[in-house]
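Given next are the chains, with one letter for each unit.
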Amino acid sequence: MTAPADLTVVENEAAQARFDDLIAQDSRIEPRDWMPDAYRKTLIRQISQHAHSEIIGMQPESNWISRAPSLKRKAILMAKVQDEAGHGLYLYSAAQTLGIGREEMTQQLIEGRARYSSIFNYTTPTWADMGAIGWLVDGAAICNQVPLCRASYGPYGRAMVRICKEESFHQRQGFEILLELMQGTEAQREMAQDAVNRWYWPSLMMFGPPDDESPNSAQSMAWNIKRFSNDDLRQRFVGMLVPQAEVLGVTLPDPNLAWNEAEQRYDMSEIDWHEFHEVLAGRGPANAERLRRRREAHEEGAWVREAAAEYARKQAAKAAAAA
Amino acid sequence: MSGETPDLGGRVGAEPRIETDPHGDVTVDRVALAEEFAGEAAGAGHAASADVAAYALGLGDDALVLAQRLGDWITRAPELEEDVALGNIALDLLGHARSLLHYAGTHDGRSEDDLAYFRDEPEFRNAWLFEQPNGDFAHTIARQLVASTYLVELYRRVEASTDATLAAIAAKASKEVDYHRDHAIQWTLRLAGGTDESRRRMLRAVEQTWPYVDELFRDDEVVARLVDEGIAPRPSSLREPFDAVIDQVFAEADLARPEGRTAFVVDGRGREGKHTEHLGPLLAEMQVLARAHPGASW
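Protein sequence lines, in the order shown, are assigned to chains C and P. Those letters in the first sequence? Residues 1 to 323, by the working numbering. Those letters in the second sequence? Residues 1 to 298, by the working numbering.
Be a bit skeptical, because a hint or two may be false.
Claimed, not checked - Partner residues aside, some chain C positions facing chain P, computed with beta carbon under 8 angstroms:
#1 GLN59
#2 ILE65
#3 SER70
#4 LEU89
#5 GLN107
#6 GLN188
#7 ARG189
#8 ASN216
#9 LEU291
#10 ARG293
#11 ARG295
#12 GLU310
To be verified - Quick list of in silico lysine-lysine cross-link-like pairs, DSS-like style, CA-CA up to 25 angstroms:
#13 P/LYS175 with C/LYS314
#14 C/LYS165 with C/LYS72
#15 P/LYS175 with C/LYS72
In short, the hints are calculated from the structure, not lab data. Every residue gets a Cβ at the ideal spot worked out from N, C-alpha and C, and that includes glycine.
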């Protein structure tokens, strides 16, 4: 007679084999499929971080909704920030299919236990930052995210398809803001160049540490969650920026940036990884401010959420009594 | 420097290409700005008369000022769904404002941005309700309930305007404010019928919002001339259907319409350019960047 424990082992082996097979065929894993714990944990971490990034990422741009310099720009910016809230919502839903609740993810964020993209810890002192964020930050996000449309976990991949379609619009509006500024007055051109100077390096940091210092990358690539290495994506991004910077007439703030024909890649200056780690550790210009705003909105909204829950409970009780 | 826009998002990562994407090329050709100003086609580009321009300016300022207020909720709402919903409502109102200001500006060759950014406070014609601060969520909902119930009745009638541009703007806006009213009613019921705290806040918000209701329904000379030409509905004629909707909502929410309170020493006079203390700071913030760079294009 086989002990139940052994049966479980046999079943697990079969499930693992099915999972490995799906990954090998580059098929999708769906919420009801068996998956290794580590795969589930990696995805929960990555998707919730991604959702938090969308939500925190609304703040640096919402800073300019009230002061946008034309009604058309105000409308576009408002639509963009609202898209980001929508992206956060799809991503929280995708993470929920893995067995974590939104309230728990929110608590992790506001208690400072979860990460979000460090780029949003930089501030937006001028209108041109709306252009630079769209062009550089959303541009880098697109390079990172388009391959995620093929991520092996179905709900994540599908959420990313919707998100990428909107992100490309976001990048375009950022580029257009900069183009308009660069074709404008001297003060506007200076504003645009200054914003590009401030956002260029942080946007390159968005691809993460160099490949030889990126501990989680290999496993994520084996699981078909990640498709390209950090350095490859960074190269592609710079390749996309260089011709666009020429059209804009802005200078990318790296005197060593040059195409290396022999190696078929861009040479560039060393990224300041000390700054990256400092911001990651919570010592960026706006880390505390971003979390404070999110925490206040959540806490000050508690009475409203409680009212909605209580109203729903009363309605359900009324319906039950009537039945 | 070339003025051309490069192929940026036509294909994401087009240069260099990031392999093939299973979802196909991502395009951004159809950006949501296809018809920038509602009613432009219907009006065939004719300029607004002085009276029509004054009327459109008042309605446009109502929408603009309320959109500016609601935009402040984005990143501060009680739940993410409300960041989206209030953002959506703000965006709709901003769309109405743009169409109305654009049309008002055809009278004397001013653009929507000339009107939004380069008029001073006494030149703004919005009613007082719209410039009131957001307060807590209950205050915002009470203001939304009044504003959207009024706007539903207004735009339904302006849809039948003999002015083709106003009729087209109203036809588009009508569907949107209908959703805004639904949103406000749902929240009024939840807050009034939720917890003790939410009910207390909702009662206070209704009480503090109601003094701003009368102004919305006051007739004036400009509108009287437009009523005669079939261009605009008489504001006072909207009061009865407004009260009917409100009474129904309040009956379900177990709220009462505050009556007989004399809240103001003077009545709201927004259409004459007289405002509460709240409009000035709102405009200062909205206009600061545009005014720092006069003549610049954005």
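Here is what the structure says about each hint:
Here the hint on C/GLN59 is kept, as its CB sits about 5 angstroms from the closest CB of chain P, short of 8 angstroms. With a least beta-carbon distance of about 5 angstroms to chain P, the hint placing C/ILE65 at the interface is held under the 8 angstroms criterion. Restraint check, C/SER70 versus chain P: the minimum CB separation of about 5 angstroms is within 8 angstroms; hint holds. Hint on C/LEU89 holds. Least Cβ distance to chain P is approximately 6 angstroms, under the 8 angstroms limit.
At its closest, the beta carbon of C/GLN107 sits 14 angstroms from a beta carbon of chain P; the interface hint therefore is violated under the 8 angstroms criterion. With 8 angstroms as the threshold, the beta carbon of C/GLN188 comes within range of chain P, its nearest partner Cβ sitting at about 6 angstroms, so the hint holds. The criterion of a C-beta within 8 angstroms of any C-beta in chain P is not met by C/ARG189, whose closest approach is roughly 11 angstroms, and the hint is violated. A least Cβ separation of about 21 angstroms between C/ASN216 and chain P goes past the 8 angstroms threshold, and the interface hint is therefore violated.
With 8 angstroms as the threshold, the beta carbon of C/LEU291 stays out of range of chain P, its nearest partner Cβ sitting at about 12 angstroms, so the hint is violated. Residue-level restraint check for C/ARG293 holds (minimum Cβ-Cβ distance to chain P is 6 angstroms; threshold 8 angstroms). Annotation: C/ARG295 was flagged as interfacial toward chain P, and the flag is violated, the nearest CB pair being 11 angstroms apart, outside 8 angstroms. Interface restraint check: C/GLU310 against chain P, minimum CB-CB distance 5 angstroms, threshold 8 angstroms, status holds.
With a C-alpha separation of about 31 angstroms, the suggested pair P/LYS175 and C/LYS314 falls outside the 25 angstroms cut-off, and the hint is violated. Note on C/LYS165 and C/LYS72: the hinted pairing holds, with a Cα-Cα distance of about 21 angstroms set against a maximum of 25 angstroms. Taking the CA atoms of P/LYS175 and C/LYS72, the gap is near 21 angstroms; set against the 25 angstroms cutoff, the hint holds.
Hint compliance for this structure: hints 5, 7, 8, 9, 11, 13 are broken, all remaining hints hold.
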